[in-house]
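S.K.: The primary structure of each chain is shown beneath.
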Amino acid sequence: MTGSTATDSTSPPAIVTNGLRKAFGDVVAVDGLDLEVARGEVFGFLGPNGAGKTTTVRMLATLLTPSAGTATVAGIPVTRENAVAIRSRISVLPEAAGLYLRLSVEDNLVFFAELYGLGRSDTDHRIAAALDAVDLSARRRHLAGTLSKGQRQRVALARALLADPEVMFLDEPTSGLDPEASRDVRDLIEQLRQRDVTVFLTTHRLDEASRLCDRVAIFAQHLRMVGRPDQLSARLFGCTVEVALRAPLLNPERVFSTVPGITHWSGDDARYDLVVDDANEVVPAVARALVGAGADILRLGEERRSLEDVYLQVVEGEAQ
Amino acid sequence: MTARVWAILRKEFQDYRRNKPILITAVLLPLVFAVLSMIASLSVGANASPDSVESIVGSAMVLLLIIPVIIPTAIAAHTVIGEREQGTLEPLLSTPATDREILVGKALSAWLPAVAISWLFFAVYVVGVRLFATDAVFDEVGKAHWFVAQGLVTPALALLAVFVGMIASIRSSDVRVAQQISALALLPALVVLSVISTHAVTPSVSTFIYAFAVLFALSAVTWRIVVRLFDRERLISHVG
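Top line first, the protein sequences correspond to chains Y and P.
The letter at position 242 of the first sequence is residue 242 when you use our numbering, and the numbering goes up by one with no holes.
The letter at position 140 of the second sequence is residue 140 when you use our numbering, and the numbering goes up by one with no holes.
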């Protein structure tokens, strides 16, 4: 399966993989990954623990050498020779914050700014902006070891922002954060999208992925599905209209068979699920048919399957 | 020196400054050796025979020449495994810093304090001997070959100790194990040093120049091993 649908077709993609594979001895962590992520896209990379998500990110970040296949990041082929050039254009936020706990927040950021080759005046400005973005300016001179887990995660996010990267790999960026801080991080990712930064987001928070991501990939050793969350839901479950009435219909078959676009219906008592081609076309017609049949409508609308439903269906289906 | 090497060097110093185990090893242990050297040298009486003076000063010098070995075993053992234990290895390796920039920065951060502290204690020792020891002791300490030893052998010994410590740090799964391995690996060098300093081989300028050449050659070989072992893929595969 290939995920070749990107949101922005005018500029070259930020990430391309072709048959990307990584094996550690006999253990295959990633197998034949074909993926395309558009520039400026927020792309969710979902999968169970041990699915190979981190290995994929590490290959794209030039930390691991692929066993087979090719990849391009920020327009540069992923090779040993290009590793420094790629790492100059990306930033990686691993799941663990990875701060020097005996250094102050500022010293941590200065160190990484220097490794990214930022000048002194630029460094001061960017550190201020990055800390402001994660709302930690007041902690600038505190030792990293004195911060809470959530604050450390935010400093790590500030570190990832420093180099103004073209592509950011974020591994569970809201892990350990309270709801308010999680919301701030989501807002930050929205800002990155507006600045045309490509975000490759690895997360277990499916509601977050659903809210943030232009597209998601469900991955377990190889790619299972990729697309917009609503597309995946429609592809997997079809389009379903949910009907709830005050009392059961006397003859539901006669009512629903008169409405074009309903391919299948099921239901009991006063609740019915209609599998339809296009909810926007069918819902008004169903409403008319139900009113014509004298039914009192309590609820009528497209049933939204969450990304979690899609994920569980794909992953559990695979497990079975 | 590139800006990245300088950044790594400065970060390491900032980190050590608040790392008590490293500070204790890097300052207190050398201090103990320096004090022992001083006590030995001050205990020589005015009537001591020239052989006795030579032997005692030789022993004191052995203690002083151990200092550049002790400090790197504490610092260099932290270089890679310390990053891994803190969870900072992956963020560090994800930056544009090259292997050589990381390794040179780390090596310098262990080598510079080792040499500086060794020379500082040697200077204090010489001044102390001048002020409080007998003239015979001072005359023996003031012989050219001991200055050549400090000037050449101390930096070379520190360099070898740094590289051995880095190898241990790259290959170990724990800082303490890395420190123990790096200390053990330096025993052969210390044996050679002891042979020279205890007059089994007569100490002379040429002896210490040879020792420097051997240590430097060993360091060059060890550096190549460090560079070869510093494999991002292997290091990162062992991270979480």
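No wet-lab data here; the hints were simulated from the structure.
Remember, predicted model here, so these are calculated numbers, not experimental data.
Any given hint could be a false lead.
To be verified - To give a feel for the contact side, a few chain Y residues facing chain P, derived at Cβ under 10 Å:
hint, residue
1, G98
2, L99
3, R102
4, V110
5, A160
6, C239
7, A293
8, I297
9, L298
Ideal Cβ positions, reconstructed from N, Cα and C, are used throughout, including at glycine.
S.K.: Holds or violated: is the Cβ of A293/Y closer than 10 Å to a Cβ in chain P?
M.R.: Where the cut-off is 10 Å and the nearest Cβ of chain P is about 61 Å from A293/Y, the hint is violated.
S.K.: Hint validation: G98/Y versus chain P, beta carbon distance must be below 10 Å. Holds or violated?
M.R.: holds (4 Å)
S.K.: Would the hint on V110/Y stand, with a C-beta cut-off of 10 Å toward chain P?
M.R.: holds (8 Å)
S.K.: Min Cβ distance, L298/Y to chain P: is it shorter than 10 Å?
M.R.: violated (51 Å)
S.K.: Are L99/Y and chain P close enough, Cβ to Cβ, to be under 10 Å, as the hint says?
M.R.: holds (7 Å)
S.K.: Hint validation: A160/Y versus chain P, beta carbon distance must be below 10 Å. Holds or violated?
M.R.: holds (9 Å)
S.K.: Let me know if the C-beta of I297/Y comes in closer than 10 Å to any C-beta of chain P, holds or violated.
M.R.: violated (54 Å)
S.K.: Should the hint that C239/Y touches chain P count as held when the rule is a Cβ pair under 10 Å?
M.R.: Since the shortest Cβ distance to chain P is 41 Å, the answer is violated.
S.K.: Given R102/Y as an interface hint, is the shortest Cβ-Cβ distance to chain P below 10 Å?
M.R.: holds (4 Å)
Taken one by one, the earlier hints fail for this structure at numbers 6, 7, 8 and 9, listed in ascending order.
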